[in-house]
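S.K.: Here is how the chains run, residue by residue.
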Amino acid sequence: MNEILAAFEQAAMRPLAYAREYKRAHGSRVIGIFPMHFPGELAHAAGALPIVIQEDQEPITVGLGSLFSFYCGYNRSVVDQALRGEFEFLDAIMFGDHCVQLLGTADILRDRAPKPPILFNQLITSLSAPWAEEETRKAFAQLWKELEALVGHAISAEDAHVSIRLFNRNRALIRQIYQMRREGRISISGRSLQLIVKSSMTMEASAHCALLEAFLAGIEMRSPTPRGVRVYLSGHLCQAPKPEILDLIEECGGIVADDDLYHGYRFVATDIDETGDPLDAFARWHLERNRRVPCPTVSDEKADWDQFLLGAVARARARGLIILQVKYCEPHMFFYPEIKETFERAGVPHLLIETEHEQMPMEALKTRLETFMEIVKRKAAA
Amino acid sequence: MQTTMERMAPNAASPAFGDGTRANRLKTTKQGGKLVNDYWSDLFAAKDDGRKVIWYNGTYIPPFFHAHDVAWVHGEAWAAYLAAKHGELPAQAAGELRGYDRELCSYARTHIGQALIDLRDLKEGKLGIAPDDPRALTMAKLPPPDMLINAYPYCSSGQQWDEITYRLFGKRIPIFNVSIPLLWGGRPDAAYLRGEEWNERSQYVAKQLRAMCAFMEEHTGRKYDWDRLSEVMGFVKKAATLRMEAMELCTARPAPASFFDWIVSIAHVNFLPGTQSIVDYFQAVKDEIQQRVANGEGAVRREKYRLFFDGMMNWNKVGWLADKFASVGATVVAGRYTHMSFWQEPELVDLRDPVLGMAQNYLICPNNHGAPIMIGEINKLCDKFEIDGMVMHASRTCRGMTNSQFLIADSAKRHSRQALFFEGDVADESFYKDEMLNTRLEAMIETMDARRRAA
Numbered sequence: 000m001n002e003i004l005a006a007f008e009q010a011a012m013r014p015l016a017y018a019r020e021y022k023r024a025h026g027s028r029v030i031g032i033f034p035m036h037f038p039g040e041l042a043h044a045a046g047a048l049p050i051v052i053q054e055d056q057e058p059i060t061v062g063l064g065s066l067f068s069f070y071c072g073y074n075r076s077v078v079d080q081a082l083r084g085e086f087e088f089l090d091a092i093m094f095g096d097h098c099v100q101l102l103g104t105a106d107i108l109r110d111r112a113p114k115p116p117i118l119f120n121q122l123i124t125s126l127s128a129p130w131a132e133e134e135t136r137k138a139f140a141q142l143w144k145e146l147e148a149l150v151g152h153a154i155s156a157e158d159a160h161v162s163i164r165l166f167n168r169n170r171a172l173i174r175q176i177y178q179m180r181r182e183g184r185i186s187i188s189g190r191s192l193q194l195i196v197k198s199s200m201t202m203e204a205s206a207h208c209a210l211l212e213a214f215l216a217g218i219e220m221r222s223p224t225p226r227g228v229r230v231y232l233s234g235h236l237c238q239a240p241k242p243e244i245l246d247l248i249e250e251c252g253g254i255v256a257d258d259d260l261y262h263g264y265r266f267v268a269t270d271i272d273e274t275g276d277p278l279d280a281f282a283r284w285h286l287e288r289n290r291r292v293p294c295p296t297v298s299d300e301k302a303d304w305d306q307f308l309l310g311a312v313a314r315a316r317a318r319g320l321i322i323l324q325v326k327y328c329e330p331h332m333f334f335y336p337e338i339k340e341t342f343e344r345a346g347v348p349h350l351l352i353e354t355e356h357e358q359m360p361m362e363a364l365k366t367r368l369e370t371f372m373e374i375v376k377r378k379a380a381a
Numbered sequence: 000m001q002t003t004m005e006r007m008a009p010n011a012a013s014p015a016f017g018d019g020t021r022a023n024r025l026k027t028t029k030q031g032g033k034l035v036n037d038y039w040s041d042l043f044a045a046k047d048d049g050r051k052v053i054w055y056n057g058t059y060i061p062p063f064f065h066a067h068d069v070a071w072v073h074g075e076a077w078a079a080y081l082a083a084k085h086g087e088l089p090a091q092a093a094g095e096l097r098g099y100d101r102e103l104c105s106y107a108r109t110h111i112g113q114a115l116i117d118l119r120d121l122k123e124g125k126l127g128i129a130p131d132d133p134r135a136l137t138m139a140k141l142p143p144p145d146m147l148i149n150a151y152p153y154c155s156s157g158q159q160w161d162e163i164t165y166r167l168f169g170k171r172i173p174i175f176n177v178s179i180p181l182l183w184g185g186r187p188d189a190a191y192l193r194g195e196e197w198n199e200r201s202q203y204v205a206k207q208l209r210a211m212c213a214f215m216e217e218h219t220g221r222k223y224d225w226d227r228l229s230e231v232m233g234f235v236k237k238a239a240t241l242r243m244e245a246m247e248l249c250t251a252r253p254a255p256a257s258f259f260d261w262i263v264s265i266a267h268v269n270f271l272p273g274t275q276s277i278v279d280y281f282q283a284v285k286d287e288i289q290q291r292v293a294n295g296e297g298a299v300r301r302e303k304y305r306l307f308f309d310g311m312m313n314w315n316k317v318g319w320l321a322d323k324f325a326s327v328g329a330t331v332v333a334g335r336y337t338h339m340s341f342w343q344e345p346e347l348v349d350l351r352d353p354v355l356g357m358a359q360n361y362l363i364c365p366n367n368h369g370a371p372i373m374i375g376e377i378n379k380l381c382d383k384f385e386i387d388g389m390v391m392h393a394s395r396t397c398r399g400m401t402n403s404q405f406l407i408a409d410s411a412k413r414h415s416r417q418a419l420f421f422e423g424d425v426a427d428e429s430f431y432k433d434e435m436l437n438t439r440l441e442a443m444i445e446t447m448d449a450r451r452r453a454a
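Each protein sequence line maps, in turn, to chains A and B. So the first sequence is residues 0 to 381, counted in numbering that gives the first Met the number 0. So the second sequence is residues 0 to 454, counted in numbering that gives the first Met the number 0.
Any given hint might turn out to be false.
Estimated spans, in silico, between C-beta atoms of each pair [unchecked claim]: (1) A:A153 with B:E195: 18 to 26 Å; (2) A:K114 with B:D37: 37 to 45 Å; (3) B:L350 with A:A140: 30 to 38 Å; (4) A:R367 with B:E247: 58 to 66 Å; (5) B:E195 with A:Q358: 39 to 47 Å.
Residues from chain B shown here face chain A by an in silico Cβ test under 8 Å; the list is partial [unchecked claim]: (6) E102; (7) G169; (8) L181; (9) R413.
No lab work stands behind these hints: they were computed from the structure. Since this is a predicted model, take the numbers as computed values, not measurements. Think of the CB as a built atom: it goes at the ideal place given N, C-alpha and C, for glycine as much as any other residue.
Hey, can you work out the whole structure from these sequences and the hints?
M.R.: Following this line, the structure appears as structure tokens:
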């Protein structure tokens with residue numbers, strides 16, 4: 000098991016090194032994807048290795064000459080990496096999210112790190128609009144065309160179906176782990192589960208599936224300690240929470256029962272239809288995934304993130320909610336007050352933790368987490 | 000509670016800065032102030048008249064509302080209005096109390112915060128601030144919405160802001176979103192007002208605007224009058240044309256009007272009703288500017304330098320900044336916000352069927368182009384107005400406007416123009432650091448002086 004986790008860790012924590020090596024060994028193209036709404040399946044169908052571009056752990060240096068300090072850590076890190084030349088080996092970057100900060104980042108990359116090209120096709124964020132599905136389909140159709148031009152050959156519907164099936168399998172395997180964790184049948188750390196999801200954003204999907212199958216075959220059926228406090232983790236869009244924070248939650252007595260993190264359940268929650276026109280399937284997926292796990296970056300009359308979270312916390316039998324909010328993440332900041340009020344009304348304890356790329360005072364956080372765990376325990380005992 | 004502005008002498012630049020010269024503002028802009036006040040008075044009476052009220056955010060879509068005889072509230076304008084009257088603090092405090100982080104768009108925080116106050120007052124039957132406070136009367140008058148419409152180019156926070164407003168009212172007010180996608184300009188034929196992407200996006204936005212009118216029909220029970228839209232747009236187009244012609248006259252030296260004159264004339268092309276009044280207003284502005292050109296009279300009495308303002312306006316610092324630049328002999332002649340928006344391409348609007356041209360003007364708001372095309376347009380303006388330097392307002396919570404500012408500043412330097420950055424915000428005064436601007440402005444002026452001496 001340790002070897003499997005080490006392989007996940009290799010791809011999760013050093014994704015660009017993994018992708019460079021993959022490119023060298025296989026002669027394959029590598030296409031970066033900005034989070035959070037673009038399917039890697041399309042790039043895979045084009046014969047490339049799709050990788051979600053990650054925040055790295057380096058301090059921001061040269062990047063601050065192009066982007067203000069009041070942008071989120073993800074954007075600052077991406078600009079910094081680009082200016083350090085880290086993305087030059089990529090063959091393209093696919094981008095279509097409507098995040099005002101990321102739009103700025105893309106322009107900086109185009110100007111100051113023009114290799115690789117950015118394939119920009121903006122996805123609609125008004126998901127209740129009558130034309131939402133049609134417009135999403137158009138965006139993916141344009142991307143399809145641009146990918147064909149990039150790789151120099153046609154991408155068939157069957158190519159897309161093969162990729163969709165493979166990625167669905169990968170998501171289903173990860174969801175199995177989630178299900179077992181939710182039901183308390185296994186004891187797996189937040190760090191390990193993050194490595195599994197995050198590595199799936201980089202590693203070649205067949206190889207990742209093989210590792211997952213081996214992992215599932217070997218995982219010990221052992222419930223977490225009953226003395227722990229079951230908590231639900233929410234938020235942290237686009238970038239992964241620092242593993243040290245996940246460790247600290249557990250050190251302070253928490254057991255992560257479930258999450259809606261992008262580097263977590265959000266990423267694997269929704270499959271793509273394996274039959275019919277793949278463009279239709281991609282478009283429906285874009286709309287459907289927000290109904291499964293609501294996202295504050297889109298507008299959708301049929302989705303309520305706060306109500307979803309209340310239900311998800313109950314389903315996971317969690318006793319408290321820990322919200323991980325990236326500093327300067329505007330969509331999350333807009334929705335946080337509503338979540339807070341909903342949980343206050345429901346009497347479910349919650350804790351907001353604001354995270355930053357640098358300057359995370361872990362000792363202060365430890366005190367807050369310990370206090371939160373005590374509050375949850377007392378409430379449960381009352 | 001006093002604001003910084005109130006504690007110091009109102010409408011004066013820092014006493015420790017410059018030679019004390021005040022900006023020579025256009026006289027006609029005072030008339031414009033009356034039009035703005037009339038608009039708000041009319042709005043406050045909307046419910047009494049039985050008119051439906053739309054709260055909207057984003058681009059200048061009021062002609063669609065005007066033609067349908069509904070009243071409209073522009074969220075940004077309301078926040079700017081409160082900020083300009085230094086009444087934004089109670090609203091922002093109410094927002095913060097609910098948990099809205101101060102790094103969020105301060106327009107949104109002010110607007111949502113005021114809605115929170117209004118909702119609380121409605122529930123408790125009392126005002127959130129002292130009843131004898133003169134601001135209370137105004138704030139309490141904002142009519143609640145019957146419909147919400149969002150039409151925000153470029154900025155994702157703009158859409159999320161209206162989503163929150165929608166949720167604040169319990170999802171009971173019908174909402175309509177117009178998506179105005181970014182013109183990324185990545186395809187081979189992309190250029191300003193040209194190319195496949197431009198054509199596709201224009202049609203897409205036009206289609207949504209027609210659907211928006213159907214939405215209004217549905218919620219008012221009245222048929223949309225397209226002839227009336229053409230009539231309203233006739234006034235808007237004429238006013239916009241006069242505005243652009245008047246701006247052209249500012250190529251003269253000294254510049255007869257400044258960016259700050261155009262700033263106080265934004266409301267008229269942004270959200271005031273399309274009537275003869277706005278045509279008369281811009282005719283008067285143009286006439287005064289023409290007279291100033293004939294007299295050799297400048298917006299700054301001893302113009303030595305000509306600057307370009309990049310970024311969103313700092314609404315509680317309009318007069319303050321106008322005087323500050325005047326006191327060092329610098330005319331801020333043009334700006335991205337004023338000169339690259341608000342019907343700057345009026346000829347695109349065909350009055351026989353204005354929707355497509357309206358959509359196209361919405362698409363070219365000052366930040367909705369990818370950086371290469373946007374910076375190309377900025378450079379054209381700088382060349383036209385013979386700009387010496389750039390003033391980059393890094394508006395803390397308006398990332399839509401700060402996004403490409405380092406690229407803009409770099410481009411300016413490549414064109415031998417100086418650039419300075421100063422921190423501030425659209426409606427949150429606490430981000431503004433006056434002394435930092437003073438130091439940087441002094442340094443820029445000295446550098447420009449040195450360059451001239453060396454030339």
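S.K.: Evaluate the given range 37 to 45 Å for the C-beta pair formed by K114 (chain A) and D37 (chain B).
M.R.: Given about 56 Å between the Cβ atoms, the range is violated.
S.K.: Given the hint of 30 to 38 Å, check if L350 (chain B) and A140 (chain A) actually sit that far apart at their C-beta atoms.
M.R.: Because 35 Å falls inside the window, the suggested range holds.
S.K.: So, E102 (chain B) near chain A? Judge it on the closest CB pair being under 8 Å.
M.R.: holds, 6 Å
S.K.: Are G169 (chain B) and chain A close enough, Cβ to Cβ, to be under 8 Å, as the hint says?
M.R.: Violated - the Cβ of G169 (chain B) stays beyond 8 Å from chain A, reaching only about 12 Å at its closest.
S.K.: Using the beta carbons of E195 (chain B) and Q358 (chain A), state whether their distance is inside 39 to 47 Å or not.
M.R.: holds, 45 Å
S.K.: Tell me if R413 (chain B) is really an interface residue toward chain A, meaning its C-beta lies closer than 8 Å to one of theirs.
M.R.: Violated, because the Cβ-Cβ distance from R413 (chain B) to chain A comes to roughly 12 Å (cut-off 8 Å).
S.K.: For A153 (chain A) and E195 (chain B), compare the CB-CB distance with the range 18 to 26 Å and indicate the outcome.
M.R.: Holds, since A153 (chain A) and E195 (chain B) (Cβ atoms, about 21 Å apart) stay within the stated range.
S.K.: Less than 8 Å between beta-carbons is the criterion; does L181 (chain B) satisfy it with respect to chain A?
M.R.: holds, 6 Å
S.K.: Should the hint that R367 (chain A) and E247 (chain B) are 58 to 66 Å apart at their CB atoms be regarded as holding?
M.R.: holds, 59 Å
Going through the hint list in order, the structure does not satisfy hints 2, 7 and 9.
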